[in-house]
Amino acid sequence: MSNMTLNIVGKSVLRVDALSKVKGEAIYPQDIYMDGMLYGKTLRSKYPHAYIKVDTSEAEAIDGVIKVLTYKDVPGHNSHGVLFKDHEVFCEKKVRRVGDPIAFVIAESEKIADEALGKIKVDYDILEAVFDPIEAMKESSPKVHDNEDSNILYHYKLKTGDVEEAFSKCDVIVENEYKTSMVDHAFLQPEAGVAYMEEDETLTVCVATQYPHFDQLEVAEAMGLPLEKIKIINPAVGGAFGGREDITLQIHLALAAYITKKPVKAIYSRDESFEAHSKRHPYIMKYKTGATKDGKLLAMEATIIGDTGAYASWAPNVLRKGGVHATGPYEIPNVKVDSYAVYTNNPFAGAMRGFGATQPPIAYEQQMDMLAEKLEMDPIEFRLKNIFKEGSKTATGQILAESIPLKNCIEEVTKRINTIK
Amino acid sequence: MKKRGIGFGNTFYGTGYGNGFPDVSNAVAELRPDGRVAIYVGATEVGQGAKTIMSQIAAEVMELKVEDIIFINEDTSITPDSGTAAASRQTYNTGNAIKKAAESLKKEIIKRAVEILELNSETGLKVENKNVYLKTFPDKRVTFEDIAKSFKDNLLRKEEVFIAHSTQMDEEEGQGCPYWPYTFGACGVEVEVDTETGKVDIINAVVAQDVGKAINPLLIEGQIDGGFAMGYGYAIFEDLNVKKGEIKHNRFSNYLIPTSLDMPNVEKIIVEDPESTGPFGAKGIGEPVMTYVAPAILNAIYNAVGVRVTEVPVTPEKLLKLIVEKEQRK
Chain X
1409 MSNMTLNIVG KSVLRVDALS KVKGEAIYPQ DIYMDGMLYG KTLRSKYPHA YIKVDTSEAE
1469 AIDGVIKVLT YKDVPGHNSH GVLFKDHEVF CEKKVRRVGD PIAFVIAESE KIADEALGKI
1529 KVDYDILEAV FDPIEAMKES SPKVHDNEDS NILYHYKLKT GDVEEAFSKC DVIVENEYKT
1589 SMVDHAFLQP EAGVAYMEED ETLTVCVATQ YPHFDQLEVA EAMGLPLEKI KIINPAVGGA
1649 FGGREDITLQ IHLALAAYIT KKPVKAIYSR DESFEAHSKR HPYIMKYKTG ATKDGKLLAM
1709 EATIIGDTGA YASWAPNVLR KGGVHATGPY EIPNVKVDSY AVYTNNPFAG AMRGFGATQP
1769 PIAYEQQMDM LAEKLEMDPI EFRLKNIFKE GSKTATGQIL AESIPLKNCI EEVTKRINTI
1829 K
Chain L
136 MKKRGIGFGN TFYGTGYGNG FPDVSNAVAE LRPDGRVAIY VGATEVGQGA KTIMSQIAAE
196 VMELKVEDII FINEDTSITP DSGTAAASRQ TYNTGNAIKK AAESLKKEII KRAVEILELN
256 SETGLKVENK NVYLKTFPDK RVTFEDIAKS FKDNLLRKEE VFIAHSTQMD EEEGQGCPYW
316 PYTFGACGVE VEVDTETGKV DIINAVVAQD VGKAINPLLI EGQIDGGFAM GYGYAIFEDL
376 NVKKGEIKHN RFSNYLIPTS LDMPNVEKII VEDPESTGPF GAKGIGEPVM TYVAPAILNA
436 IYNAVGVRVT EVPVTPEKLL KLIVEKEQRK
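From first to last, the protein sequence lines stand for chains X and L.
All letters in the first sequence, in the order written, are residues 1409 to 1829 by this note's numbering.
All letters in the second sequence, in the order written, are residues 136 to 465 by this note's numbering.
This is chain X alone, in the form it adopts within the complex (with noise of 0.2 Å):
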């Protein structure tokens, strides 16, 4: 590897689509304009937990009004999800939290569309809901999905050593509980999308996302067509991090254009954008962390309780990744990690730059500072003595082969870092 030469890996090359984007030439879905295009607004649920019933009939009669699609009119599977199928294309009989989608007007005109939105009548049987993750623990919280009898979706257990045995011989002992935020992808460009036929009987949607052949499939499977009748084309995307992994408009818009057999806009505000896509899973962790007093780490014990809100999304692999990271870099030989996915009827929480490793480093990194200080050691040699480096094993049990070149992060940082006063 290392007497390789390289001419183009390793240089700063320009990004190939950098002018486009600078000088405002490149096409995000919003850009997209169509001859007798139709446009498409969604109504969503004012409440986190109720029963509905839906009419639709006074604002499927205001001129320029072509229809209203409710669950009634999705062909195939009115569900969609990355891991389960627990979302539904359009609520059925419940919503399950605040801007669940129940209707979707297609109209001449955005105008037009956003008047019949407060034309449709839903009737709302609200039931009780909950809010707090360790409140939908409990065996007698409301259930978020009826055919579930617990909202734990997902328990990660990683054990290795003896944990208790390990703590008894700790010379110092840090115990905390740390919590986290739900948070927002926060990209540029909110969700917006063109659906059309084309003339073989192709149905196309045109909307940024992150994985297109998901999407493809995800429509398919609501639409009850073949995969290769579905195209899904993929303009330019205005970030993401994680936000655009699950279904938002898609499927509305697919259905939209193969009812009306028009094409069939959607443009999302900053507002319903917050409330389409999915969050960063909030965490209660609870950490023990205890070490030696010669600095050696020797035990750990995290419960980590991660909020899905009311749908699954990526929740298992999510809390699965925080379990597995809940260590940090460091060799620990005795370690306990309970990690929790749980159904609220907050908003959905899914993928987001980090993925579940990023709110654990919150927690581990702290309680590393905290032990040092105990232990009167620099926190930077109290890590240094711990590190992960070739040959590793981590709690999981793997064997760390190469590429761990964290000692020289560590060292560049703290060469620089004790330069600034």
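Don't take every hint at face value.
Said to hold, decoys possible - Distance condition first, Cα-Cα at most 30 Å in a straight line; then the derived BS3-like pairs of lysine-lysine:
id, chain 1, residue 1, chain 2, residue 2
1, X, 1546, X, 1529
2, L, 200, L, 403
3, L, 293, X, 1637
4, X, 1696, L, 453
5, X, 1823, L, 403
6, X, 1587, L, 379
7, X, 1546, X, 1567
8, L, 270, X, 1587
Hints are computed from structural coordinates only; laboratory data are not their basis.
Based on these hints, arrange chain L on the given structure of chain X.
Same frame as chain X, but now just chain L:
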């Protein structure tokens, strides 16, 4: 009073889907009639620089300029599935698939050149700037364009797949090899805390990020800056203020994120230690670059004012309350 403090954070990060989940990237390399090379992948450009670094990987293998690579990734009907632009996996996974596809295509091009040049072996042949020639007798050469033409209407196309390795973990003790490769990084920050308002400013920041091998250093620096901003927002500003399931901060006038005015100069150090299974040794860094920022800031706040904040974001109100409580305890 304004008080300054220094804090540190480091992390590791497993890339790819992990846990034995099929992590598959497909790529097609195609010789165009004009001698350029088209790459077809399903990987999306979400602003991370995929189009650029993947074109660099193909150009490197094919000994071409980046301008001679036509990168096609927009349409499911003409591109193969390369998985999602997530899990910091595109550089490693699709990068590997592109490298394999380009190597396959190059091999076929050389094979055809041997036939056209009526040589008895490919030994001594060099590929350079859309030409294949004999190193010891450069006049013996054929262009990519002529090679493409020799296939008439059938474009020369090679498709390859890269599948990453990871294992499922056992259900009882969570043991196994959940991710590969892992990426490492460290961050140091200096903060200034106003003890009268609870406001935290970042004065200075240093980040050292392991990348395996840098494919495009400038794009990595861009990711580090972006990751820093996102981690900074997470630590200090961002809260959707969800009340009874409803997002109260649902626009940028009340959901606050850092702006360029908040951002400090982040000193960026790229640490290289090639990963043998990565394309040219590269590993993905899209996500790890944000993970060490918040803990470094929180540790710096403690160093500055002696209070431990265990809940993010550290809003001025929250921090001021903790500072006042600490003063009262004295």
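_Pairwise hint evaluation, residue 1567(X) against residue 1546(X), where the allowed Cα distance is 30 Å at most_ = holds, 24 Å
*Take a quick look at whether residue 1587(X) and residue 379(L) sit within 30 Å of each other, Cα to Cα.*
Distance ~18 Å between residue 1587(X) and residue 379(L) Cα, so the pair holds.
*Proposed proximity, residue 403(L) with residue 1823(X) (alpha carbon, max 30 Å)*: holds, 13 Å
*Straight-line Cα separation of residue 1696(X) and residue 453(L) no greater than 30 Å?*
Cα-Cα ~24 Å, so holds.
*Can the restraint linking residue 293(L) and residue 1637(X) be considered satisfied, given a maximum Cα separation of 30 Å?*
Roughly 25 Å separates the two Cα atoms, so the pair holds.
*Is it true that the CA of residue 270(L) sits at most 30 Å from the CA of residue 1587(X)?*
Violated: residue 270(L) and residue 1587(X) sit about 64 Å apart, past 30 Å.
*Does residue 403(L) lie within 30 Å of residue 200(L) when you go C-alpha to C-alpha?*
Holds - the C-alpha atoms of residue 403(L) and residue 200(L) are around 28 Å apart, at most 30 Å.
_Hinted pair residue 1546(X) and residue 1529(X), Cα distance within 30 Å_ = The hint is violated at about 35 Å.
When held up to the earlier numbered hints, the structure conflicts with 1 and 8 and fits the remainder.
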